[in-house]
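For the protein sequence lines, the chains are A and X, in the order given.
Letter 399 of the first sequence, counting from 1, is numbered 451 in the numbering used here, and no numbers are missing.
Letter 321 of the second sequence, counting from 1, is numbered 331 in the numbering used here, and no numbers are missing.
You may find that some hints are simply not true.
Facing chain A, from chain X, some residues (calculated, C-beta under 8 Å) [said to hold, decoys possible]:
{"no.": "1", "residue": "K31"}
{"no.": "2", "residue": "D173"}
{"no.": "3", "residue": "G213"}
{"no.": "4", "residue": "A215"}
{"no.": "5", "residue": "F238"}
{"no.": "6", "residue": "A239"}
{"no.": "7", "residue": "A240"}
{"no.": "8", "residue": "S259"}
{"no.": "9", "residue": "P284"}
{"no.": "10", "residue": "Y370"}
{"no.": "11", "residue": "F429"}
Stretch-level coverage of chain A by chain X, calculated; a stretch enters the list once three of its residues show a Cβ under 8 Å from a Cβ in chain X [as the list claims (entries may be wrong)]:
{"no.": "12", "region": "594–600"}
{"no.": "13", "region": "673–686"}
FYI, nobody ran anything at the bench for these hints, they're computed from the structure.
Owing to the predicted nature of the structure, the values given are computational and were not obtained by experimental measurement.
C-beta atoms are modelled at their ideal positions from N, C-alpha and C, and glycine is treated no differently.
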Amino acid sequence: MARSLCLRRILPLLAAVAFARGGRAAEPAPLDPAQVASSAAGRAPGLFGEEIEIVVRGPRRPQAAAAVAPGASVTVVDAERFAGEAKGAGAMLATSPGVAVTEQGAPGQASTVSIRGASAQQVKVLLDGVPLNSAAGGGVDLSTIPPQWISRIEVVRGTEGVHHGTGALGGVVNVVTAPPRAGAWSASATAGSFGTYQSDAQVSAGGEGWGVLGSVAGTTTTGRFPYLLQDPPPPIGLEREHDASETAGALLKGFAEVGGGRLDAAAQLSGGRRELPGTPSAPTPLDWQEDARGLLSARFRRPAGASFLLSASGSARVDRVTARLEDLGGSVVRQRGLATTAAASAAWCRAHGSAEATVEAGQERLQADGMGDHERPILALILAGELTGLDGRARLGPGIRLERVGDARGASAKLGGSLGLAGPLSLRASVGRTYRVPSFAELYLQQGAIAPNPALRPETGIGGDAALVAEGARGTASIGAFQTLYDDLIVYQAVSFRRLAPVNADRSLVRGLEAELASAPLRQAAGLTALLAYTLTDSQALRGREDILGLDLPRMPRHRLYARLGVGGAAADAHGVVQYVSRQFLAFGRYAEIGPALTWDAGASVRLCRTAGLRLHVEIRNLLDVRTLDDSYGNPLPGRTVLVTLRAGQPPKEPI
Amino acid sequence: MTRALTVLLAFLAAASGCARKEQTCSSDLTLCDAGCTALATDRASCGACGHACLAGESCYAGACLCPHPTACGGLCVDLESDPVHCGSCDVACAGALVCTTSSGATSCAPSCATGQTACERACVDLGTNVQSCGACQRSCGTNERCTSGRCVSDLYLACWNSDEVREATGALAAAGIPRPVAPGPIGLAWSGELLAVASAKAGGAETLSAFRFDPPGVRRSTLLETSFAAPDFEYLAAHEALLYVSHASLGTLLIVTPSGSIVDEVRLVPAGSPNPNPQGIAFDSGDRAYVALAGTGEVVVLDVSQALACALGAQSRPCATVLARLDLAPLASTGALPMPARIAATGGRAFVAMWNLDAYFGVPAGSTGRLAAISGSTLDFDATFAGTASGVIDLGPDCLDASDVAAYGGKLYVTCGAFDYSNYPTVTIQGAGIVPVDVSGAVAKVLPAVATPVDAQPVAPGKLAFCGSTGYVGDRNSGRVFLFDPASGSTTLGTGVELCPPSNGFAFVADIACGP
Numbered sequence: 053m054a055r056s057l058c059l060r061r062i063l064p065l066l067a068a069v070a071f072a073r074g075g076r077a078a079e080p081a082p083l084d085p086a087q088v089a090s091s092a093a094g095r096a097p098g099l100f101g102e103e104i105e106i107v108v109r110g111p112r113r114p115q116a117a118a119a120v121a122p123g124a125s126v127t128v129v130d131a132e133r134f135a136g137e138a139k140g141a142g143a144m145l146a147t148s149p150g151v152a153v154t155e156q157g158a159p160g161q162a163s164t165v166s167i168r169g170a171s172a173q174q175v176k177v178l179l180d181g182v183p184l185n186s187a188a189g190g191g192v193d194l195s196t197i198p199p200q201w202i203s204r205i206e207v208v209r210g211t212e213g214v215h216h217g218t219g220a221l222g223g224v225v226n227v228v229t230a231p232p233r234a235g236a237w238s239a240s241a242t243a244g245s246f247g248t249y250q251s252d253a254q255v256s257a258g259g260e261g262w263g264v265l266g267s268v269a270g271t272t273t274t275g276r277f278p279y280l281l282q283d284p285p286p287p288i289g290l291e292r293e294h295d296a297s298e299t300a301g302a303l304l305k306g307f308a309e310v311g312g313g314r315l316d317a318a319a320q321l322s323g324g325r326r327e328l329p330g331t332p333s334a335p336t337p338l339d340w341q342e343d344a345r346g347l348l349s350a351r352f353r354r355p356a357g358a359s360f361l362l363s364a365s366g367s368a369r370v371d372r373v374t375a376r377l378e379d380l381g382g383s384v385v386r387q388r389g390l391a392t393t394a395a396a397s398a399a400w401c402r403a404h405g406s407a408e409a410t411v412e413a414g415q416e417r418l419q420a421d422g423m424g425d426h427e428r429p430i431l432a433l434i435l436a437g438e439l440t441g442l443d444g445r446a447r448l449g450p451g452i453r454l455e456r457v458g459d460a461r462g463a464s465a466k467l468g469g470s471l472g473l474a475g476p477l478s479l480r481a482s483v484g485r486t487y488r489v490p491s492f493a494e495l496y497l498q499q500g501a502i503a504p505n506p507a508l509r510p511e512t513g514i515g516g517d518a519a520l521v522a523e524g525a526r527g528t529a530s531i532g533a534f535q536t537l538y539d540d541l542i543v544y545q546a547v548s549f550r551r552l553a554p555v556n557a558d559r560s561l562v563r564g565l566e567a568e569l570a571s572a573p574l575r576q577a578a579g580l581t582a583l584l585a586y587t588l589t590d591s592q593a594l595r596g597r598e599d600i601l602g603l604d605l606p607r608m609p610r611h612r613l614y615a616r617l618g619v620g621g622a623a624a625d626a627h628g629v630v631q632y633v634s635r636q637f638l639a640f641g642r643y644a645e646i647g648p649a650l651t652w653d654a655g656a657s658v659r660l661c662r663t664a665g666l667r668l669h670v671e672i673r674n675l676l677d678v679r680t681l682d683d684s685y686g687n688p689l690p691g692r693t694v695l696v697t698l699r700a701g702q703p704p705k706e707p708i
Numbered sequence: 011m012t013r014a015l016t017v018l019l020a021f022l023a024a025a026s027g028c029a030r031k032e033q034t035c036s037s038d039l040t041l042c043d044a045g046c047t048a049l050a051t052d053r054a055s056c057g058a059c060g061h062a063c064l065a066g067e068s069c070y071a072g073a074c075l076c077p078h079p080t081a082c083g084g085l086c087v088d089l090e091s092d093p094v095h096c097g098s099c100d101v102a103c104a105g106a107l108v109c110t111t112s113s114g115a116t117s118c119a120p121s122c123a124t125g126q127t128a129c130e131r132a133c134v135d136l137g138t139n140v141q142s143c144g145a146c147q148r149s150c151g152t153n154e155r156c157t158s159g160r161c162v163s164d165l166y167l168a169c170w171n172s173d174e175v176r177e178a179t180g181a182l183a184a185a186g187i188p189r190p191v192a193p194g195p196i197g198l199a200w201s202g203e204l205l206a207v208a209s210a211k212a213g214g215a216e217t218l219s220a221f222r223f224d225p226p227g228v229r230r231s232t233l234l235e236t237s238f239a240a241p242d243f244e245y246l247a248a249h250e251a252l253l254y255v256s257h258a259s260l261g262t263l264l265i266v267t268p269s270g271s272i273v274d275e276v277r278l279v280p281a282g283s284p285n286p287n288p289q290g291i292a293f294d295s296g297d298r299a300y301v302a303l304a305g306t307g308e309v310v311v312l313d314v315s316q317a318l319a320c321a322l323g324a325q326s327r328p329c330a331t332v333l334a335r336l337d338l339a340p341l342a343s344t345g346a347l348p349m350p351a352r353i354a355a356t357g358g359r360a361f362v363a364m365w366n367l368d369a370y371f372g373v374p375a376g377s378t379g380r381l382a383a384i385s386g387s388t389l390d391f392d393a394t395f396a397g398t399a400s401g402v403i404d405l406g407p408d409c410l411d412a413s414d415v416a417a418y419g420g421k422l423y424v425t426c427g428a429f430d431y432s433n434y435p436t437v438t439i440q441g442a443g444i445v446p447v448d449v450s451g452a453v454a455k456v457l458p459a460v461a462t463p464v465d466a467q468p469v470a471p472g473k474l475a476f477c478g479s480t481g482y483v484g485d486r487n488s489g490r491v492f493l494f495d496p497a498s499g500s501t502t503l504g505t506g507v508e509l510c511p512p513s514n515g516f517a518f519v520a521d522i523a524c525g526p
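Only chain A is shown next, with the shape it has when bound in the complex (with noise of 0.2 Å):
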């Protein structure tokens, strides 16, 4: 029988607690059988988090828990495909379609996402569905999340505003961390090129209703690799100096049956240094920046009747940077930041159908040099539903979100759906509506060059998608459409001499298509496995001169391409990766053009001891030693770069 999504949730929590207050062992709830068949991993889909972890290794492609909107398109990057990789959440995301991930030089140097042609700000990023993005604007730099504790990427793509508030303009990335699982424990230690060397530590415990996961983490490099300075000619091989980087984390997170209910909770903390090396052309031999972040994050939910589910979560984050820049005239300037949210939620839960109300209250506080001390107050009501027909092979879900972030009101709105065409294929669609409200930066910040616009109205995106997608044992595949319409976007322009203010002046259109495809290992063919994503755009700018009127936008090649193969198995494997991103241009109407790059990697790992699931991986990135790659923003990319990892675990981490 089909059952709608609210009522998947609902079922395992319910199992969950009865096992609980039976008093048996703490084992895996027992599934659903209408569970199983409709999630592709085995996984009970959720709110962002992992609430329930039932079967987390499979096949395909994990179905993410973003999937409660109908019609999403989303993408789960499960980290385990590439445990042992020494990859950061950066490289991870790149296997997405409909991403783009820029990462400023060596491992531990900052990296950003984009989504469908909006910027890094206008993507959120969340951390076990906590937002990430700070009140003071700028993308969420990944390489604050140590990559040892990723588990999975869940990346949504599209106007996203109902269910994560505004500013997913672009889609949104929720990064989960490992869940608990009774008695599992890993360690890993990584060295490699550059100086880098990556160590981590996990351990589990659990008993009846409850479970704990510490972590710890680790990464140090000293950036240092050589490069060729193209500009100006001749090319002459530097090194890159000044670009070392030092992070470290701690994670504590559990989940126990209370109450009637499942409370989960987490602790996170994490923090480093890094130096700021600046381009070639404009070294900053003396800029650093120190970071710290700290997460707390807990939430309850507890089933009332067969019906209906309640909920309620709070979160916190702090966030301190400090970094010494000369492009301001070599002043430390410190920000601190802090942002609280409170939401609870009911859902009503039928077979055919679900409604859920959610009602969302936070603060959001800044205090930075330039910017002074700010803060404003969010508050948001969210109404969302499905609707589930055709024996569950039609759903429906509408949702619409009224928020209030400082001055600012607005709504957002999506109608997605999805429908099981034949066998395998179903197709589905959304369109929706967001905006995103300015940063404290663009409303405040007055350093340098930089002045403040007070008047600035919401950025706004309108979009929609369409994809046709076919699930089955041999894997996941999708092909779809997208289109989005960004409106009143911010950007800086001069207002007065050596200053520029941030207005609201562009409109651009971005669209295209969007492929992917996670085939299960082939047995018949050495454990043949394959990962593809593929992304061609079309932007458009709609605004502006008529000399870049209808042209491509700036950073925005028409192809991207993702291509892995792997071979083996439990004993042995190895992989390749090919990455191909076509020509871009830097500037609006087609100005200053940057040739296609093509980038090969490679990698391989080896079980030493069954027992202790000891296993050796080597990776290779930049297998060509390409040494003129830079970030597109000046900054060089290192080389053929070579890390070593040995890990151990248990349950034992192998390659899926």
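Place chain X on chain A using the hints.
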């Protein structure tokens, strides 16, 4: 499957219909079918889109007017050459006779006078006739003049905000029609008959383009385009048929031929050093280039005598060598960075205008405008001439944030004005004016400043150009240009004329070039 794909394609097609393009124009232009149009001066759309002026008429302030004193039967005619109204109205030249004017006398004749060309029986001098400039029936634009067969103006302005080059007469009347260029025109320089334009703006590219003004019409071509994350051309100068560009994004001096070939890109500091932020360039009579490095607070002196040979292939790189490097830090006020910006070379010396500001471009307490004097013979500070031990010429508190320096008639003129953003959004300008410095004697002598007019919108004098005997000053706080007569002895600048339109409430006259 086919049906599903059809749905996908239909979705894309339907959604595309929402994408409405919106062309934007400079604030004083109007969007007509032909694009952004200056209704005030465009003969094809004068006063209204599509309202074309009649033959012989020009568009003045949006009205079609006859530039000649005589109109015959409502038609605008040139009695000196019109074969239907030759010498006076309704006096037509018979048959194949042409209408010509020679020695002040107009008559019908079998052929044109020497130096004239018959354009449909009207004898004109293609070198000077604004109705047939360079070619028959090639009319020059409003307020343009015809010089050597080219339609040109007295002044060319780099309008940084509106991304245009605009023209004006010597009396500051708008001329011609605005010419769009690559975003952020920052520098203008004549190289032969080419007007080169250096452009760079965040979100744009670094572009070197050039205008030709000879028939069949004004043409813009791109000489050079470079791609960098932070585009930053800062200054453009011409010397011995080559163009020199301060390439601040790379911290180099770019030497380019008028056809756009890079002769050399001269590193001004060793690779891997902090960016020196090259600014103004000046040449002395001895093939030496002085380049101001605002980032490192230095002036480098280069020998560019081999650059032309390099361009011709007779010499290999390097095409310029560093002769001297002078540190201006000791010349700055206490608490200030020297930030040398613009240079004028005259009388065997180079004079360097220093911003003399703090790192936020703010004025340190007690600071004054400063000019460094460098001897061309010793390539060191000329303390004797400056009258100070360090070689600095102190311009006083009435000249803060020295912007430009130009030489004329034995004097230097320094434009000044510092922006005070401490009470933003209220912006005030301190120490604004033009300070003359007499450099004709053995010791430099600072003369009383020419004050800026008291105006609702304060003036920050910037670019200074002398065209003939008249000075023209561009404003850094608006799109206005001011006339400045160095011989008048006036102590206050007159009222300016807004020639570059604002956007976001701001305009900036980045450079002024005199017409040919």
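Results for each hint:
At a threshold of 8 Å, the smallest CB-CB gap from K31 of chain X to chain A is about 5 Å, leaving the interface hint in force. Because the beta carbon of D173 of chain X sits about 7 Å from the nearest beta carbon in chain A, less than 8 Å, this interface hint is met. Evaluation of the G213 of chain X hint against chain A yields a held restraint, the C-beta minimum of about 6 Å falling below 8 Å. Evaluation of the A215 of chain X hint against chain A yields a held restraint, the C-beta minimum of about 3 Å falling below 8 Å.
Contact between F238 of chain X and chain A, as hinted, is supported at the beta carbon level, the nearest pair being about 7 Å apart and thus within 8 Å. Annotation: interface hint on A239 of chain X holds; nearest CB of chain A at approximately 4 Å, less than 8 Å. Hint status for A240 of chain X: holds, given a least beta-carbon distance of 7 Å to chain A, under 8 Å. A hinted interface residue such as S259 of chain X counts as satisfied when its beta carbon comes closer than 8 Å to some beta carbon of chain A; here the least separation is about 6 Å, so the hint holds.
Checking P284 of chain X against chain A by beta carbon gives a least distance of about 6 Å; that is within 8 Å, so the hint holds. Given hint, Y370 of chain X at the interface with chain A, holds; its Cβ is 6 Å from that chain's nearest Cβ, closer than 8 Å. At about 6 Å, the closest approach between the beta carbon of F429 of chain X and any beta carbon in chain A falls short of 8 Å, and the interface hint on this residue holds. Remark: the region 594–600 of chain A is confirmed as covered by chain X, as 6 of its residues place a Cβ nearer than 8 Å to a Cβ of that chain, reaching the required three.
Check on the region 673–686 of chain A: 3 of its residues sit with their Cβ under 8 Å from a Cβ of chain X, so the three-residue criterion for coverage holds.
Checked against the numbered hints above, the structure breaks none of them.
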